[in-house]
Every structure is written in C-alpha cells, then in structure tokens.
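Colleague: Each chain, letter by letter, is given below.
Protein chains: 2
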Amino acid sequence: MIEKKSPALFEQIEEMMEWLASFGKTNNNGVTRKLYSKDWLSAQEAIEKQMKEIGLHPFYDDVGNLFGRLAGQQENASTILTGSHIDTVIDGGKYDGAYGVIAGLIAVQYLYEHYGSPIKNIEVVSLCEEEGSRFPMTYWGSGNITGIKSFEDVHHLKDSKGIPFIEAMHQAGFGKGNHQPPKRNDLDCFIELHIEQGEVLEREEKSIGIVSHIVGQRRYNITVTGESNHAGTTPMAWRKDAMYSTAELIQVLMQKAKETSTDLVVTVGQISLEPNVSNVIPRKATFSIDIRHSQEIVLSKFCEDVFKEFQLIVNRHQTQLHIHNWMNEKPVKMCEKLNKISESILRREQIPFKRMTSGAGHDSQVFGPFCSTSLLFVPSQNGISHSPYEFTRTEDLEKGIQLLIKVLYELAY
Amino acid sequence: MIEKKSPALFEQIEEMMEWLASFGKTNNNGVTRKLYSKDWLSAQEAIEKQMKEIGLHPFYDDVGNLFGRLAGQQENASTILTGSHIDTVIDGGKYDGAYGVIAGLIAVQYLYEHYGSPIKNIEVVSLCEEEGSRFPMTYWGSGNITGIKSFEDVHHLKDSKGIPFIEAMHQAGFGKGNHQPPKRNDLDCFIELHIEQGEVLEREEKSIGIVSHIVGQRRYNITVTGESNHAGTTPMAWRKDAMYSTAELIQVLMQKAKETSTDLVVTVGQISLEPNVSNVIPRKATFSIDIRHSQEIVLSKFCEDVFKEFQLIVNRHQTQLHIHNWMNEKPVKMCEKLNKISESILRREQIPFKRMTSGAGHDSQVFGPFCSTSLLFVPSQNGISHSPYEFTRTEDLEKGIQLLIKVLYELAY
Chain A
1 MIEKKSPALF EQIEEMMEWL ASFGKTNNNG VTRKLYSKDW LSAQEAIEKQ MKEIGLHPFY
61 DDVGNLFGRL AGQQENASTI LTGSHIDTVI DGGKYDGAYG VIAGLIAVQY LYEHYGSPIK
121 NIEVVSLCEE EGSRFPMTYW GSGNITGIKS FEDVHHLKDS KGIPFIEAMH QAGFGKGNHQ
181 PPKRNDLDCF IELHIEQGEV LEREEKSIGI VSHIVGQRRY NITVTGESNH AGTTPMAWRK
241 DAMYSTAELI QVLMQKAKET STDLVVTVGQ ISLEPNVSNV IPRKATFSID IRHSQEIVLS
301 KFCEDVFKEF QLIVNRHQTQ LHIHNWMNEK PVKMCEKLNK ISESILRREQ IPFKRMTSGA
361 GHDSQVFGPF CSTSLLFVPS QNGISHSPYE FTRTEDLEKG IQLLIKVLYE LAY
Chain B
1 MIEKKSPALF EQIEEMMEWL ASFGKTNNNG VTRKLYSKDW LSAQEAIEKQ MKEIGLHPFY
61 DDVGNLFGRL AGQQENASTI LTGSHIDTVI DGGKYDGAYG VIAGLIAVQY LYEHYGSPIK
121 NIEVVSLCEE EGSRFPMTYW GSGNITGIKS FEDVHHLKDS KGIPFIEAMH QAGFGKGNHQ
181 PPKRNDLDCF IELHIEQGEV LEREEKSIGI VSHIVGQRRY NITVTGESNH AGTTPMAWRK
241 DAMYSTAELI QVLMQKAKET STDLVVTVGQ ISLEPNVSNV IPRKATFSID IRHSQEIVLS
301 KFCEDVFKEF QLIVNRHQTQ LHIHNWMNEK PVKMCEKLNK ISESILRREQ IPFKRMTSGA
361 GHDSQVFGPF CSTSLLFVPS QNGISHSPYE FTRTEDLEKG IQLLIKVLYE LAY
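Residue numbers (the UniProt record's numbering), protein chains in the order written: chain A, 1 to 413; chain B, 1 to 413.
These aren't lab readings, by the way, just hints derived from the structure by calculation.
Note that the structure is a prediction, hence the values are computed from the model and not measured.
Just so you know, not all the hints are guaranteed correct.
Identical chains share a label here; the pair holds if one copy fits it or two copies do between them.
[To be verified] Listed below are the simulated BS3-like cross-link pairs for lysine-lysine, each with C-alpha atoms no more than 30 angstroms apart in a straight line:
id: 1; residue 1: K308; residue 2: K258
id: 2; residue 1: K25; residue 2: K340
id: 3; residue 1: K161; residue 2: K330
id: 4; residue 1: K256; residue 2: K301
id: 5; residue 1: K183; residue 2: K38
id: 6; residue 1: K176; residue 2: K340
id: 7; residue 1: K256; residue 2: K340
id: 8; residue 1: K52; residue 2: K333
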C-alpha cells in the first residue's frame, strides 16, 4: 500500500483544491457555483477534461451529473461510485462538495497508476446539485440517479431572477435527451468523502469521522396566540401574554432536549412578535423549531412528549397553540459493512477516528436507501462552513484521500 | 347638591362627546387630532367658543393650551384647574383626553348656573399635547405650564413629514409671543378626569378609580450575544445560544415579577434574533423590558435582583449580556387630601369606587410634583384604548362628572 504521508499527494491536493475553487471564485475569496450557471458549467467541463487526462472515461447524464469511469475487468461488473457535489451555496467555501469530487479523482488516478484496471468498475461522480442555492430544490443530482426525482418536480420552479429551472437546464445543454437517462441500476455502493461542517472531530482530535447515520430532521413553525393589552394597565394575572408563554415553551423544549439524548439537537432560530411594540403585551408569537436525531423513534417520542407539555403550558397561560410541521426527513443509516472496512483500515494505520452521526444533510442520505453507502468526514476548522472561511488543513484532506484509496482498493480490486 | 342621575346631563354628555369627536374624525370612526394640525386647531377653536357660551373667559397660552376661566370672588384668588388633553394618537378613540376636557366644561357650566361665581378661580384646560403622536415629545402642554419644558426641548424635532416642531407651532398661531407665557404660578391644584384604559374597574364593578400613584416606568433594551452555529452539527453542550439564554431570562423575569407584588407589571413586547434563520443557532437576541410599579424602591430592588440573576443565567449559557436603560420615570404620588375629598363624596353617595394606581402615564404625573393633583378614572369597556373601539358608557361618564362637580364645589365655593 501507499505510504502514510506522501509529499506528491499533498502537493496535488493543494493544487487541485485551488484549481476547482477558481471556477466561480468571489471577491471575498469564496466560491459561488450555482446549478447550470456559467461557472458551474466551466467547472464540470474542467473536471471532464481532468478525468480524460487521468485515464477515465467521462460522460454526463441528462441532468448534468458528470461521471468518470474506470472500467472493471469483470464482465457485467457492478460499479463502485465515489464523489460529491460540484454546486455551492452563494459565497460558500472551497471544500463543501468539491473535496469529495477531487478526492475521488486523486484516489482513482492513484489506484489506476499503481494497480491498473480494477475488477469492478469505479466511477468518480461530480453531482450536479445538492445545496438548493439557485432553485428551491435540493439533492437534484443524487435524486435523479436514485430515481426519486424527475423533471416533474422542477417544472414549476424558477430562480430568483425568474428563470425557469427547465430553461436553465436546457441552456447548460441538459434535459434534452442528449445524454443518458440519469437513473442507475448498476451501482454497488456510493462512498462520499466530505468535510464535517462541525467541530466534533477538531475538538476531539480525530482525523476521520465514520458516519453511522445521517440524522432525521423535523422542522416546525409554532404559533402562540394570546391577547394584546396595555403594558401598564393590565395586571400580570389577567394577561394572555404570547411572549411569556413562548419563553416557557422554549425553556421546556431545550431542557427536555438536553435530558433526552446527547445526540439530540434542537434549535429555535427564528422568532417574531405581534405587534412587537415595547409597551404592548404581544398577542402573537411565532417561532421555528429544528429538531435532529439519528433515531426516528427518539424524534417521535421527543416531539410527542414536548408538544404534550406545550399544550399544558399554553393552557396555564390561557394562550392558544398551533403547531405546523413543514419538514419531516427520516434518519438514514449508512452501510455498516462499508463502515467496518474503513474502521479496520484506520485501526491498522493507527489513525484516530470517531464513529458519529451527521447532523447536516448530504447526498449520502439520498443514496443510503438505494445502495450501500458510506459517508466519511474530515475535520472542519472551527466547524465553519458555507462561508469563505471554510477551511480544512491539507494534512487532514490527505488522510481522507489515503483512506478512500484503501477503501476503493478493497472494494474494486 | 344635584340629583344622582340627571336626564339633562346624560344628554349633554352624549352630545358633547360626539361634538368633540367630530373634529378629526377618521374613516374608522376613530379620531386623529395631532398637535397643531388643522383638526386640532378647529377643536381648540370650537372649545373656545363653547367656553364663551357658558360664561367662561377663554384664553390661550403661547404653546396653545386653552383655558376657560370662571373668576373667583376672592381677591388674588388662586386657581383650581381641571381638564385634560385635546390631542390624540393616530386613529384613537373619542374618550382619551377629550372626556376630561368635556367633563370640565360641563361641571363648571353646571356650577356657574346653579351657584354663580365661586370663591376661588376655576379654570377648565384643554391641554395642547400629551400623546407624542406627531413629534417625539410627550406632555408638551402640562410640561410648559409647570415649567419643566421649553422651546429648547423641541427646536430639533420634526414630524414624520419633516415639518419642524417650531414651524408647525407658528403655523397654528403659537410660539410667537402673541399669548401669555405658559408657566403658571397661581395654581392651587389640578384635577383630571380620565378613562382608565384598563379593565380593573369594569371587572371589579367599580364606577370610579381614585388614583393614589401614577406608576414609575423603566424601559430597557437587553442584548444577549452568543455564537452562530450549524443547527445540525453543533451538540447542545457546546452551544452559545442567544435564544435559549433569552427564553430563560424572560421566564425568570416574569416569575420574579409575579412573586414580587401584584401591582408590579412587566412586559416583553419586542424581540429580534440574528441571523433569524431556522437552521442556524442565533448569535444575538435583543428584547425590550417595560417595568412599572408605584413605588420607586420596589422598582429598584426588582431590577437589581433580576439583573443579578440575568448575569448568572448568561454565565451558565456562556453568552454575554448588555443592559441598556432608556427610560426611567419615577412614580408620582397624587394628593391624598384631594383623594380624601373624592372618597368621602363617593362614600356618601354610595358609589362603588376603587383606590388604585395608574399603570399608564397622564398629564397628572407632570402636575403631581408641581401642585396638588388628583387623577380620577371612569371604566373603559374591555380596557380598550388608543383605538376607535375605545368606549365608556354614558352612565359611567356621568358618574365621573357628578363627582367632579362636587369636588370642584368643595374646593372653589
């Protein structure tokens, strides 16, 4: 096997991260590559060229996912897929998505140069879209490959400038049947290398995160309705104060979250009051709740318990409660067999790793129910992501790629 | 003395309330009379005319306060002043302020008709401004009479259309020295009849509120600063969540308010979060606190205790606290001697009354430290005020005026 640290690999990673970040570079030293934009297309074309140079056969599917295939020797071989997404949030970082694509290219190049053709096919994928930063649509790339999304889901969508999704897709050269249909039936597994976008690995001084689950997410809008009244002339006992009720709801919500499980995370990120005047008792409070955990049963039980308690609290305050659930994504289990392969490699190489869940969403959650899927993390400095300040040390990027090389070798050779 | 119920009085009250409400009547059946506006001027001129008709000598001071004088027989007699303000909030009700002016006119007319000239002077005042609804300036009328306000306080002020205060005053015919200087040195006492703007009298089935204190008010803006982070990838234990801290602060604030005194009222009417996104832990929460009580020592002690506890809470959450106090109005005591006169009249007449504090601000709080002052309330239906739905039954208005007649009789005859 390859050496633990490789000066050549280190240099290649630094170079390729800068190279890909140059497509859609912003004035803030960030990156903006929105689906089907000019910068997005230039990036895909540059990756296509790179794939050719390292001996892969590049091809697109009809939604713009780009694949680089290293054909296996086995007849009717199934395919090991690795990669991530090429699109970014607006003024995002260099690593989110891009790292997984570059890692795939470098790993497969290395394997091909050192070991020639594999037994199974290996493909590196540059998924067209994951972030939803141009159109209100996420996981468009992986959703098409796995068959859970189709043109019907986007016919009505427009971007912020009013350009229809279909028109943007056509302008980029996709959606017209010039490429193969995106749905795949030959995938053996999907392996995604990604930055953590959290601080866990850095704080715990681990080099790799092996993801067991991508958490389920529930999002709610909660409305508490009371009664507006004069702040000076209404005794406390007679009030139906939407803000006071809400403070108690949030307090109980957070308290229960901490008691339930260290893996449960709950966030109240938005709040508004009506009429929102300092000397008027608020008649209405609206706030958001974001709840995430890796076990559906924990999510269900938590929500059930909390909302029961919510009702008791508003009854006590003589206010009304309305709960609107607008997102309900189930947790997705990653493939334990694949995770075991990574684990045994990391143990052998004595690289510190952590079994963990992913609190953020990734293409892997779309692949998870479709084929064996493994999501592997490298540390994010200070947990910063979706920002030009997103950063991972090249040493850490390299450890991820070294692992990917070994995992692909075990699976495909 | 006059009869308990008078059909003639009842009719006169109904008629005069409608008459005054016709100046600045809105499409919503509300009233808008902003300081120095056309409608405001028409109202003052109509009251001036009415004063003349009932035998009073009308005169303005140089800021536009209108007085109707019934001269006393005593040489160098001091003056008993009664009335309230003529200006309104935007689309306000018919009663706030206006009732006190009309009550004065009706009471003095009655007294003059029945008992002729008093011993002391009685004046009815239609104060030019109390609400601060045109310019950011409240109690302009009473503030000038008592000498705590002057032109220097308004030189820099403009209304929402950019019209300077001084220009508006000049256009209405005031501020040019054509009338007497507003500061008075001959006032014996001030008696203000006003609607309660709360529900206490109605709920407790009392006809009259005798105000012992106008509460002190403190207003604060509280800023809690934490750290923005990803709602999915940041474990609860590592968060510096400005919203969670704030929920605990508000909860403790309200709990302590209820424990401290039934007369203490505390309101959180405004709140905002940054960045206010459902899947981002808020880095900053800003909220208002409005605290009112009739005893300065209770206010001080409460604020001291609560803010000490606030500090402990933010320390626990690893967030930062900033407390900005932008209003600090001391409680004002009304004249107990005057209150005793009202009380003995009401006992004698067997009219149910309540000794109470005023949670809202009134011109009486400006007169309070300057001369003997009495503030008397009549019930407000459902406590609604500053709205076209503001309503007090004529029966209740009449009881207030009957009381005013008797109080003025005792003081001036």
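Colleague: List, from low to high, the hint numbers that the structure doesn't satisfy.
Modeller: Violated hints: 2, 3, 6, 7 and 8; rest satisfied.
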